[in-house]
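Chemist: The primary structure of each chain is shown beneath.
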Amino acid sequence: MGLHIDHISLASPNIFRSADTLRKETGLGYWTGEWIRDTAVHIVPLGPPGNFIEISGFIDVHTLKTMDEHKQWIMDITETGDHFNGLCLGVDSMEELEQFAKHFKSIINLANDPNPATHFQRANGYILPMASTPSYSERSPWMKGLPNVYFYPDRTHHSSGQPVHASENMVRPTGIKWVEYGGTEAEMAKWLGIPNPGEVLKMKFNGKSLGLWAVCVGAEGKEDIVIRRPAASDAVPVSKYAD
Amino acid sequence: MKIHINHFALGARNIYEASERLFKETGLGFWTGEWVQSTGCHMFPLGGDVFIEVEGTIDAHAYLKMPKPNYIYDVLDTDNDYNGDHWTGLMLGVESLADLEAIAKRLGGEVSPDDSKINPYNHFIRPDGYVMGYQSAPRYPNGRPSKWPRGLPTFYYYPDVPGRSSNQPVVARAHMVEPTGVKWIEFGGTEELLSEWMGVKKASDVIPVRFNGKAVGVWAVCVGIEGKDDVVIRRPAAASSIKDESIYKT
Numbered sequence: 000m001g002l003h004i005d006h007i008s009l010a011s012p013n014i015f016r017s018a019d020t021l022r023k024e025t026g027l028g029y030w031t032g033e034w035i036r037d038t039a040v041h042i043v044p045l046g047p048p049g050n051f052i053e054i055s056g057f058i059d060v061h062t063l064k065t066m067d068e069h070k071q072w073i074m075d076i077t078e079t080g081d082h083f084n085g086l087c088l089g090v091d092s093m094e095e096l097e098q099f100a101k102h103f104k105s106i107i108n109l110a111n112d113p114n115p116a117t118h119f120q121r122a123n124g125y126i127l128p129m130a131s132t133p134s135y136s137e138r139s140p141w142m143k144g145l146p147n148v149y150f151y152p153d154r155t156h157h158s159s160g161q162p163v164h165a166s167e168n169m170v171r172p173t174g175i176k177w178v179e180y181g182g183t184e185a186e187m188a189k190w191l192g193i194p195n196p197g198e199v200l201k202m203k204f205n206g207k208s209l210g211l212w213a214v215c216v217g218a219e220g221k222e223d224i225v226i227r228r229p230a231a232s233d234a235v236p237v238s239k240y241a242d
Numbered sequence: 000m001k002i003h004i005n006h007f008a009l010g011a012r013n014i015y016e017a018s019e020r021l022f023k024e025t026g027l028g029f030w031t032g033e034w035v036q037s038t039g040c041h042m043f044p045l046g047g048d049v050f051i052e053v054e055g056t057i058d059a060h061a062y063l064k065m066p067k068p069n070y071i072y073d074v075l076d077t078d079n080d081y082n083g084d085h086w087t088g089l090m091l092g093v094e095s096l097a098d099l100e101a102i103a104k105r106l107g108g109e110v111s112p113d114d115s116k117i118n119p120y121n122h123f124i125r126p127d128g129y130v131m132g133y134q135s136a137p138r139y140p141n142g143r144p145s146k147w148p149r150g151l152p153t154f155y156y157y158p159d160v161p162g163r164s165s166n167q168p169v170v171a172r173a174h175m176v177e178p179t180g181v182k183w184i185e186f187g188g189t190e191e192l193l194s195e196w197m198g199v200k201k202a203s204d205v206i207p208v209r210f211n212g213k214a215v216g217v218w219a220v221c222v223g224i225e226g227k228d229d230v231v232i233r234r235p236a237a238a239s240s241i242k243d244e245s246i247y248k249t
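Protein chains in written order, with numbering that gives the first Met the number 0: chain A, 0 to 242; chain B, 0 to 249.
Next comes chain A alone, as it looks inside the complex:
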């Protein structure tokens, strides 16, 4: 596939309520039970070739006792409701990921920590292997309204391919048709080091603050679904996190 959209993060004050709302709004089903540390995700598969929305939020309020910049950002962007807070791109090999790490002048986060608490876990005991760049030791590009890049070695267990909770009037998603992003194509091209991100990643640019503003998903036998939520940068300007 080369560089592609892998998944989209939708930050939520209450992932249970947000997933229920999104299901009623779109007919898209979701599955539950995945988590990492103080955060859980409800997963909304979007169809082939393997995309999903992760509705993410704190599920441990005791985590607020020890705040840091990233936690405060999550609290600030969810104070007024759901916001798209991350576009997660994917590549097909570690070699491709290494090229992006080099471009970002960063390193790869390797999923090689033996402590399961450092990984996404599921209710069936599965621990999700993945690698990404830029490094976690740096401020997340999401806070600046920019995507990061992942490599998932185990496609069989990719979150997009797990069964959702069956419900009435569910639609069958057929994949992402386009995403609407803030800023300009030139800004995205510079960040990713590729000349034509709009064409490669099916991105439209709206000139607003950086970040994802909408995703359009095909639905079998039905009209396309457009999911609109403000970008995180609408709640907290990316200038707050400028290097």
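Any given hint could be a false lead.
[Unchecked claim] If you want a taste of the chain B side facing chain A, the calculated C-beta under 8 Å gives, among others:
{"hint": "1", "residue": "N13"}
{"hint": "2", "residue": "E19"}
{"hint": "3", "residue": "F29"}
{"hint": "4", "residue": "T31"}
{"hint": "5", "residue": "D58"}
{"hint": "6", "residue": "A61"}
{"hint": "7", "residue": "L75"}
{"hint": "8", "residue": "M131"}
[Claimed, not checked] What the simulated footprint calls covered on chain B by chain A, stretch by stretch (three residues with Cβ under 8 Å from a Cβ of chain A suffice, anywhere in the stretch; the number is not a length):
{"hint": "9", "stretch": "32–41"}
{"hint": "10", "stretch": "123–129"}
{"hint": "11", "stretch": "159–172"}
Since the hints were made in silico from the structure, they are not lab data.
These numbers were taken from a predicted model, which means no experiment stands behind them.
Virtual Cβ for every residue (Gly too), placed ideally from N, Cα, C.
Knowing the structure of chain A, use the given hints to seat chain B on it.
Modeler: Structure of chain B alone, referenced to chain A:
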């Protein structure tokens, strides 16, 4: 009137972490996705229409708006060998609304409204859209009578037994055990207190309960396991971790 154990509430700081740990401790499977307002639950069926709900606050903004001090938060913030887990409730069941109303009347409280059809977000909801209809008692809108300490069980009427949380499939995984039902529970306080609350001569003749004389509430649940030894799930009762209950309004 027949009274039975319906379910247990096991409060947790992080229901995901607590459920994973409880699985590893016992082999009991669980299912995920149920919630009401700012509370999420992972459900552990125990056999015999009984279940544990591992429950916790899953909405940080809602928590910040709650009145303080917050009883459950302070209970769970108390460190112990179980990352703060405490038993936060014993829920008994009755088999008709008439029974529930009789209990509410005897204890001077109210029955919660049956408004699941018109007000679904006041009720437990599942990812498949199922809204759980049930009613409970006694509710005390103007405050619990001082005669009764915290930690005594609430009574429930669940009309939809097949839809009950005990009867939904768990997430399959390796090394799960098959629960065969609750064998006994260890409860704080005295048999006289619980018997009076339940309106029965002897509580231990009605439900399999033993008493340890400590703070009122559940302290342990013993579950039978098919082909294996029983498992005993021990956690402190919520009331045991609160020094001055009088500071809490809710």
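Chemist: Hints first: check each against the structure and report whether it holds.
Modeler: Evaluated hints:
no.: 1; hint: N13; result: 4 Å, holds
no.: 2; hint: E19; result: 7 Å, holds
no.: 3; hint: F29; result: 7 Å, holds
no.: 4; hint: T31; result: 4 Å, holds
no.: 5; hint: D58; result: 4 Å, holds
no.: 6; hint: A61; result: 7 Å, holds
no.: 7; hint: L75; result: 7 Å, holds
no.: 8; hint: M131; result: 14 Å, violated
no.: 9; hint: 32–41; result: holds (count 5)
no.: 10; hint: 123–129; result: holds (count 5)
no.: 11; hint: 159–172; result: holds (count 3)
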